[in-house]
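Next come the chains, spelled out residue by residue.
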Amino acid sequence: MTDAVPIPKFEKTLSAHQIDLMRSAPQTLQLNITKMCNQACVHCHVDSSPRRKEQMSDDVLAQCLSVLKKTPSITHVDITGGAPELHPKFRYLVEEARALGKTVLVRHNLTVTMDPHPKTKESLSYLPEYFRDHQVEVVSSLPYYQEFFTDKQRGSGVFQKSIESLRQLNAVGYGKPGSGLILNLVYNPAGAFLPAPQADLERDYKKELKAKFDIEFNSLFAITNMPIHRFRFQLKKAGGYDPYMNKLLNAFNPSAAKSVMCRSIISVSYDGFLYDCDFNQMLGMHIENDAHRLSIADFDVNTLLNLKIKTAEHCYGCTAGSGSSCGGNTAN
Amino acid sequence: MSDNYYKTEDLAKFAEVGRFASEHMKSFFSYYNNVTGTDGALSKREKALIALAVSHALKCPYCIDAYTTTCLETGSNPEQMTEAIHVAAALQAGITLVHGVQMQNSLKEKGVL
Chain S
0 MTDAVPIPKF
10 EKTLSAHQID
20 LMRSAPQTLQ
30 LNITKMCNQA
40 CVHCHVDSSP
50 RRKEQMSDDV
60 LAQCLSVLKK
70 TPSITHVDIT
80 GGAPELHPKF
90 RYLVEEARAL
100 GKTVLVRHNL
110 TVTMDPHPKT
120 KESLSYLPEY
130 FRDHQVEVVS
140 SLPYYQEFFT
150 DKQRGSGVFQ
160 KSIESLRQLN
170 AVGYGKPGSG
180 LILNLVYNPA
190 GAFLPAPQAD
200 LERDYKKELK
210 AKFDIEFNSL
220 FAITNMPIHR
230 FRFQLKKAGG
240 YDPYMNKLLN
250 AFNPSAAKSV
260 MCRSIISVSY
270 DGFLYDCDFN
280 QMLGMHIEND
290 AHRLSIADFD
300 VNTLLNLKIK
310 TAEHCYGCTA
320 GSGSSCGGNT
330 AN
Chain F
0 MSDNYYKTED
10 LAKFAEVGRF
20 ASEHMKSFFS
30 YYNNVTGTDG
40 ALSKREKALI
50 ALAVSHALKC
60 PYCIDAYTTT
70 CLETGSNPEQ
80 MTEAIHVAAA
90 LQAGITLVHG
100 VQMQNSLKEK
110 GVL
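Protein chains in written order, with numbering that gives the first Met the number 0: chain S, 0 to 331; chain F, 0 to 112.
Please keep in mind that the hints were generated in silico from the structure rather than gathered at the bench. All values reported here derive from a predicted model rather than from experimental measurement. Some hints could be false.
[As the list claims (entries may be wrong)] Short derived list, chain S residues pointing at chain F, Cβ under 8 Å:
no. : residue
1   : Q145
2   : F147
3   : P188
4   : F192
5   : L193
6   : A195
7   : P196
8   : D199
9   : L200
10  : D203
11  : Y204
Yeah, the Cβ is synthetic: ideal placement off N, Cα and C, and Gly gets one too.
Can you make the complete structure from the sequences, with help from the hints?
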């Protein structure tokens, strides 16, 4: 174990590099509509599992749709969870957002197609066709192209189920050249290390998944593990928290810091509160206006543009190396 | 006197060896970083796998820790890393065994063979 070096405040590091973390007009509204998931992954920053019951109410959902309607700068709706497909109004949300002309991304864990709904026991095997019919962009976590890393992180048997689910997505056209159906995969390291270069990993994934399983996809997003919740607990338990934080700090990349996702995204929790990103949401770091916690009912672009983005130690995860966001690397 | 060697935190003190003969250390680090830390005719990934194998062959705990991380962060997986150290192990076994030729020569000189 290395000696702990004090981690400077994130804001201080930004100032030292003359970086002003200003918000732009939001382009993406990220909706975390449920904490329920059919899986319970060891790195999950949401602490999701089949036992979680929190989900977005009809009222909050209606307010989100109203914001989408009145906010032209928001071109993308990023639906996440938990496994968002388990929310009873998931399909309603997708269809309404598509009807408003928005690009809809679903953070789809692949296995939810194969597992019964944890509560209702209904099958969700219709999802590949449903996604296709509504031109949803699918973003799926596959921690590695081999079983070992994937099952270590996401649970025994997840890799095989994920491969089957990817085959089904390919079968309806996802990831196939010329289909217009986007299937992007997400890599995150299996432990306390930084992701390899995204382009190298994408090349490996494409080669291996095609050769071994005849699977195709569009792009790979490499995401850094955030030192919060379950992953933080594991690091602390193994004495690896301080070395990991030092690794993130030493890898601070000003170019990545200039393009962090919090500048153009607003994250909404199941209960309607607003946050700068999904990680801040999980840490309870609300967007506030004079100590008033903003909710979706308060959504106003001009107000938001004047409010500071909240940062903390975990933000070093988004600025390390090639940078990390829900869409992968951020550095030029 | 330290009660044990090879503490992980000691690796971070490597540069302190440059306290004396600093120009030599400066030259070494420049050479080392140019050789290992850049993509050349070999990629950084390939170089890291070679370094991991050499670290095992020369039994350097600092290097094994460092290059385990570097291998992962340049995109290698445990299967590839394990194959790399088997190459080192196979070479070491081969190097031992090929010296058997010397033994055979000696046996011949003594009229045993």
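Here is what the structure says about each hint:
no. : hint : result
1   : Q145 : holds, 6 Å
2   : F147 : holds, 7 Å
3   : P188 : holds, 7 Å
4   : F192 : holds, 5 Å
5   : L193 : holds, 5 Å
6   : A195 : holds, 3 Å
7   : P196 : holds, 7 Å
8   : D199 : holds, 5 Å
9   : L200 : holds, 6 Å
10  : D203 : holds, 6 Å
11  : Y204 : violated, 10 Å
Of the numbered hints stated above, the single one contradicted by the structure is hint 11.
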